[in-house]
Amino acid sequence: MAAVGRIKSKLHTRLFQIYKTSEGLQINVALKARLHNQRKILVRLCGFLKYNDQVHNCISINLALRCCRCVSGGSVQETQVSVHQQVNPYKLVETELANLYVEIKQEVITSKHELREIAEYYFDGKGKGFRPMLVMLASKALNFHKTEEEKLLNSQRRVAMIAEMIHTASLIHDDVIDESYIRRGKSSVNNIWKERKAILAGNYLLSVASMALSRIGNKDVVKVLSQTLEDLVRGEFMQLGSKEDENERFKHYFTKTFKKTASLMANSCKALVDDILDFTSCDNVMGKPTAADLSLGLATAPVLFASQEFPELHSMIMRRFRQEGDVERARELVAKSDGVSHTRLMAEQHCKEAVRLLQTLKSSESRRAMECIAYLVLNRQN
Amino acid sequence: MASILSIYYGRTGTFIFRNCDFIRMFTLNYHGFRVSLPSRFVSIFGTSRTSNWTKAVSEAEKLVGYPTSFMSLRCLLSDELSNVAIHIRKLLGTRHPLLKTARGFLDNGKHSLQTRGLVVLLISKAAGPSPNPSGICKEQDMISGIYPNQRSLAEIIEMIHMASLIHKGVVNLEDIQPGDGSRKDMEFGNKLSVLSGDFLLASSCTALAKLNNTKVVEIISKAIGNLMEAEFTALKDKSGNPLLPRNVTCSDWIEQTYLSSGCLLAEGCRAAMELANHSESVKDAAFTFGKNMALAQQMADDIGPFLDHNQGLANISITSAPIIRHVESHQKDIDDRLFNNSEGIEPKQVLKMVKSGSAIQECTELCREYGQRAIHSLDLFSDSDAKTALINIITAVTNEQQLGAR
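From first to last, the protein sequence lines are chains A and B. Residue numbers are given in UniProt numbering: position 119 of the first sequence equals residue 119, and the series is strictly consecutive. Residue numbers are given in UniProt numbering: position 8 of the second sequence equals residue 8, and the series is strictly consecutive.
Simulated pairs of lysine-lysine, DSBU-like, Cα-Cα distance not exceeding 30 Å:
id : chain 1 : residue 1 : chain 2 : residue 2
1  : B       : K238      : A       : K112
2  : B       : K55       : B       : K387
3  : A       : K219      : B       : K138
4  : A       : K219      : B       : K222
5  : B       : K387      : B       : K215
6  : A       : K194      : B       : K184
7  : A       : K223      : B       : K210
8  : B       : K283      : B       : K62
9  : B       : K222      : B       : K387
10 : B       : K222      : A       : K112
11 : A       : K91       : A       : K151
12 : B       : K238      : A       : K186
Computed beta-carbon distance windows for the label pairs:
id : chain 1 : residue 1 : chain 2 : residue 2 : range
13 : A       : G325      : B       : D336      : 53 to 59 Å
14 : B       : S251      : A       : T147      : 49 to 55 Å
15 : A       : E120      : B       : D79       : 31 to 37 Å
16 : A       : R215      : B       : D180      : 39 to 45 Å
17 : B       : D79       : A       : N218      : 26 to 32 Å
18 : A       : V102      : B       : K238      : 28 to 34 Å
19 : B       : E280      : A       : N218      : 19 to 25 Å
20 : A       : E117      : B       : E346      : 34 to 40 Å
21 : A       : E117      : B       : N315      : 31 to 37 Å
22 : A       : S155      : B       : D385      : 43 to 49 Å
Just a few of them, taken from the derived set where beta-carbon distance is under 10 Å, the chain A residues facing chain B:
id : residue
23 : A209
24 : K223
25 : D231
Worth flagging that the hints you see were computed from the coordinates, not collected in a lab. Every residue, glycine too, gets a C-beta built ideally from N, C-alpha and C.
Sequences are here, hints too, so could you generate the full structure?
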């Protein structure tokens, strides 16, 4: 046993034991609480570990996963949780990511000054580069699986770059559609250069990405990524019509999320389609509905879950929360319902599945980093 | 779908009439309600000004075995675009450019009735079977002397053209004028424009990928990039309106024309050759043909309003070739009002100014020269009815303005 600690809450004091394992830590803790409170406890546990420098910047999600298993009943359970030593995913591909933006800028070679300015606007190195990072990690993990060498192939780096470009182009278009004026902490393209040029520059970026893609010279890669693009667009299109039937609506929602986010990643690293797809879907599915989402008329998963409990939400979804007071009322109902925790549960299942799939690859640093990401995504909204 | 089609009217001759019947029949089945043709249809039908052009195009259609206006039918009938068409109704009564563009898909003025696709098909046919047939192109797959993937390419070219037209019609919300429509309607129009343009672009990307030729993907992607660059040149202001800079030259005009229409036609022709594994010299010839045809067409369009006053002076673009030519050769004597956004200057004055010099004649000469170059580039191709059809189309373009001159 490595350590014993205790967490104090208002009512209980909990003991837990920490063991060191090859992959990180394992913690046993007795929990008796409603789901909601369990999460709080876990957050504290993380804080404790961090404080004791057991794990740097602890991402202890397995923890969360297990705890959510004992939702009902509320009996005392000895829960075993393992905390992985965190691998900072960005660290692993740091140099590659740093070069990425330089490479993108080399692709944007138009003589039209303003167009270049717009096209390069978001490649200031301040973006998270989540997608390219994932592509790179997946490539590395796969390469290691095959050759025992965690080296990135040139073509894989190109795919990462292209994924980032396509993603950025779609952001530019999305901001026009949603009329967002802030992106990544600065004025959005449509705010500065106005709608028309934003759209055209987005297209330009896409054409540059497509050119780079074709130069890789692999027909299948071209096919997969253009399919992605189509999925992205079809996803956007779904915003146009709300479907009548509620089950339909649910399915609709999932297709939409899949199409909007998952596809881009999934297709970027084909061999890992399922897991990556899963945990990125989590990303979108989770989270309480923000006022912004609702006022845009979007029904996120928690709202849809809540609507099973409170049927009055159906009609609000149908009119896309347009009536006065709809947004407030919807938020209220969602808060009352189990919508958010249901969604969490679902997201966690996805996440778990993703990690399970990752286990089929040989263990490498990149693989561990991807597992971390899965957890990160899940806990992002805490 | 239905609402796009209901505003359909034609002006290029008999084949349109045939298509209309087809479309009417089709939409009736498709949505279960009737589409009526506007009465304008008949009158425009009777007064086609450019009969040579019409004849050249309808002859050519027979050769490729496909009415050109069907080129984009497949994507117009997709779920997504029919959905858009239903929503477009909400824009009726506003001045959102999407309305005009939607109308234009089916009748796009005298030159643009999906002739890009037609030209790609014709040049494919003129070039003949592949000299080096790989697994992808088999001679027995050819229909009317054209490979199936060359037909797909023609459709792709049309889709890309459509997408860029739609996206160019996105409105800057801060520039909305009182008569344009409410801000909300214009926002909605923008949303529809962005989505449907994106849809077309994405569809063309998947269709391109299916051609199984990365070289072609590269060529066409480059053309898309060029189309976008066209909106960021010195001849365009921030809302995409023509702008005349002081130091304008004819090469600016050539660049603008190449970027906004030449590249798609030229690269489209080149890609068609690429698909059939033709030699480098044939590819270059096809490219030269497309480029010069686009230049000749634009030149003819630009000269038109200066010669034929029926077209109305309002049609004169401030960046049309004769004006640029005149400004270039008379740098010092030009009215300052012409530059910047040309406010406070009467079209009549512009006309008078241009007519005082020799710009119109020079441009006519240039137009003929582009036509000649286009025809000349076909020397590499052996004689065929497809080649003749291409030559006829070029001749129709370059002769048109002489008609007006008389």
